[in-house]
Amino acid sequence: MRVESEAQLAEAVRDAGGALAVRGGGTRPVGRCLGEPLEVGISGITLYEPGALTLVVGAGTPLAEVEAAIAAEGQRLPFEPANWGPVLGAPGTSTVGGVVAANVSGPRRVQAGACRDSLIGTRFVDGRGQIVKNGGRVMKNVTGYDLVKLMAGSWGTLGVMSEVAFKLLPAAPSQATVVIDLPAGAAQVALAAGLGSPFDVSGAGWLPGVGAVVRVEGLAESVAYRAEQLRKLMEPFGPVQVEEEGSAAIWASLRDLEPFIGKEGDLWRLSVKPSEASDIVARLGGEVLLDWGGGLIWALLPEGSDARALASPYTGHATCMRGAAGVTFEPEPAPIATLTTALRAQFDPKGILNPGRMG
Amino acid sequence: MEMPKPKEDLLARKPQIIARLREVLPADAVIDDPSETRAYECDALSAYRCQPLGVVLPRSTAEVAAALKACHELGVPVVPRGAGTSLAGGSMPQADSVVLGLARMNAVLETDYTNRFIRVEAGRTNLSVTGAVESDGWFYAPDPSSQLACAISGNIAMNSGGAHCLKYGVTTNNLLGVTLVTMEGEVVEIGGPYLDAGGLDLLGLICGSEGQLGVVTEATLKILPKPEGARPVLIGFNSNEVAGACVADIIKAGILPVAIEFMDRPCIVATEAFCHAGYPDCEALLIVECEGSPAEIDEQIGMIRQIATRHEPVEFREAQSADEAARIWLGRKSAFGAMGQINDYMCLDGTIPVSELPFVLRRIGELSKDYGLDVANVFHAGDGNMHPLILYNANEPGQQEQCEKLGAEILKLCVEAGGCLTGEHGVGIEKRDLMDVQFEPADLEAQMRVKDVFDPKWLLNPAKVFPLGASASRRAS
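Protein sequences, first through last, are from chains H and F. This note's numbering applies: residue 1 is where the first sequence begins, and numbers increase by one. This note's numbering applies: residue 1 is where the second sequence begins, and numbers increase by one.
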């Protein structure tokens, strides 16, 4: 079933006879998707004020449509959302609601925060079929509990979002990437040096076939200055070069996991304490890609691998994004699991919203 | 402002309650003599005061857990308190409650520059978090005006902001993890020195929950390398409207200064009389701060100068030295103190869409005339977070009530303009009964259901955030 208005959505949830498999464009088929498909097709920009850096949009609006509209005003989504469709083998059109439901944040997360940090408001329909709003359209708002953050990354299990509001940033006119020729296992120390510098690094990762990469963005002269400072800072770690024209392509590749597209194997995503990255990479084996200064490890492993067992011990959590592994999301410690279960029961007492999606 | 009627049986059982707390806590961690607990009868919303049954001052997470467990068993409400600087009455006690103060828990537990975090006990003051890493070239970004005194626990409870959040975000954007003690005395670790939640974002839920879901005893905070330098400019204008338009143009041009502060004439006049910062004689002024290397700052300020010139400023003053920079900030930083010299004042905190600035400022001026009370405006213009200061005389009968009515009108105006009741101070008791201006019953119900999960008996800071009528049945049970 596809719904195109909030009223239709509320009705669909109220009238549901059983489980609903909530989806936007279906480009993030992570975890189990049980039940009758419910596609959120509530589309269109409700409000866009470039002078206030704010955007309100229907949750089913294609991400590409939103990005094009704000790019026309020289602005962008701060968190640089990835398109996981190709790497997950899921053709379709990514929607903003899906981006929020999965809290998808790209390389700029280290500087500008996650999707949830840019999300300033949402409207959703809870499991009772009740319409709820939280947050709003202003970027500073502490009125009542922050259910906005809770909805981000809840994979449609607490409510089905009908509308989302973002704070935006001016798009940077220039960028440059400092590339350091290093193996993945040695990259983290260099990335930490970049992120610990005063040069406002907006991306720090490691890309197969390229090496360790550190990005700066901003006004042209400023970018040139900071790239040069970083080049000097990185010299002790390995051969260094500064990439200007190719910079955008490097980060698009890293963001969308291009080196892994079309390859066999299970795809895992580990969010860890960055300084543990080198050891974890060594223990995992397989092909890896690093983002967030080593705090995010993407690993392509032989089918059926248990990345949690391989990577242990680690501080953080691992998610099986694509593969045969039994448990998609990291099992939670008992006190957290108790709170999570109780929250679900409050938002979705009948247990009909994406049941089992998050384990 | 109404508080729930204290439960008679709790007031009658005070000796037993205090005795039980003394059993589970060290002797000096429990105070109940009214001469000692008086210091805790109010926070920075000092118009409202109430003596609690007692105050506990634990030194560890284990002691916090013991105190909460005992209060839970006895059915005693608990009001958590950081440094008591809330402008919203977030830590104001109720008569049948125990105040749990975190001031003794102020240690730095871990500093990690490789992973860019610091872990502290939550009673530590905001500024001393930066103090712990400053000499190594790092800082903690959220900088509420009260940062010298306010505690991290209170910052987390209210999701506090500050002047520089246009670039760096507010507390929730700089918080990586917490140790939370539930009302039942259970210790829960949420988040840590890694990014994003593995499951539901409980950390995002805790931040800004005004001490109603649990007591945060430790916090893992993101720290940032200090920029190479920073420099403010001061721009004076002949009208609020023009100053507001200049703010929008700066943002639209793709420049993101770390701060854009706005002061109107009443505020400029008062601060000049107070601290002689040498501000121009004008209707409105902006302080815009840029960061980076000297050349980068020059580039940004050059662009800001071009934009400002189009709006015909009466003055464009660029700091040429650290001393001049300090003078530009002096008046802004002294604004609240200056107002306090003139009169009593009530500080509001609504946020509006930046595009509505001229309209809202004009309307506040009209309301000010209608009520016969002066209003000065000083606020974070880049993000639309306003701080109208209503001046009144508390000793003149009826003025405080008039001031509160005007405050409510202004906050309703903020909501009508597309904004919200509070941008960074929190709801507390101050805006509690205005919540239904901004929210439908179903919106509040969804929030209260979250409290049901964490604190089923509604014992933690129960008389805050939600209109008393809306929360009555839950509090009674």
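Among these hints, one or two may not hold up.
[As the list claims (entries may be wrong)] Calculated cross-link-like contacts (lysine to aspartate or glutamate; reagent style EDC-like; alpha-carbon spacing at most 16 Å):
1) 412/F x 396/F
2) 412/F x 366/F
3) 133/H x 366/F
4) 133/H x 184/F
5) 273/H x 112/F
6) 167/F x 143/F
7) 350/H x 36/H
8) 133/H x 6/H
9) 226/F x 283/F
10) 405/F x 136/F
11) 457/F x 186/F
12) 69/F x 143/F
13) 263/H x 243/H
14) 222/F x 344/F
15) 412/F x 445/F
16) 133/H x 136/F
17) 69/F x 184/F
18) 412/F x 436/F
19) 457/F x 112/F
20) 252/F x 235/H
21) 252/F x 287/H
22) 133/H x 110/F
23) 273/H x 2/F
24) 263/H x 303/H
What the hints contain is simulated information worked out from the structure, not anything from laboratory work.
Structure-based check of each hint:
no., hint, result
1, 412/F x 396/F, "violated, 26 Å"
2, 412/F x 366/F, "holds, 14 Å"
3, 133/H x 366/F, "violated, 31 Å"
4, 133/H x 184/F, "violated, 30 Å"
5, 273/H x 112/F, "holds, 11 Å"
6, 167/F x 143/F, "holds, 12 Å"
7, 350/H x 36/H, "holds, 15 Å"
8, 133/H x 6/H, "holds, 12 Å"
9, 226/F x 283/F, "violated, 34 Å"
10, 405/F x 136/F, "violated, 48 Å"
11, 457/F x 186/F, "holds, 15 Å"
12, 69/F x 143/F, "violated, 33 Å"
13, 263/H x 243/H, "violated, 27 Å"
14, 222/F x 344/F, "violated, 37 Å"
15, 412/F x 445/F, "violated, 21 Å"
16, 133/H x 136/F, "violated, 43 Å"
17, 69/F x 184/F, "holds, 5 Å"
18, 412/F x 436/F, "holds, 10 Å"
19, 457/F x 112/F, "violated, 39 Å"
20, 252/F x 235/H, "violated, 37 Å"
21, 252/F x 287/H, "violated, 42 Å"
22, 133/H x 110/F, "violated, 38 Å"
23, 273/H x 2/F, "violated, 47 Å"
24, 263/H x 303/H, "holds, 11 Å"
Hints 1, 3, 4, 9, 10, 12, 13, 14, 15, 16, 19, 20, 21, 22, 23, counting from the list given before, are not met by this structure.
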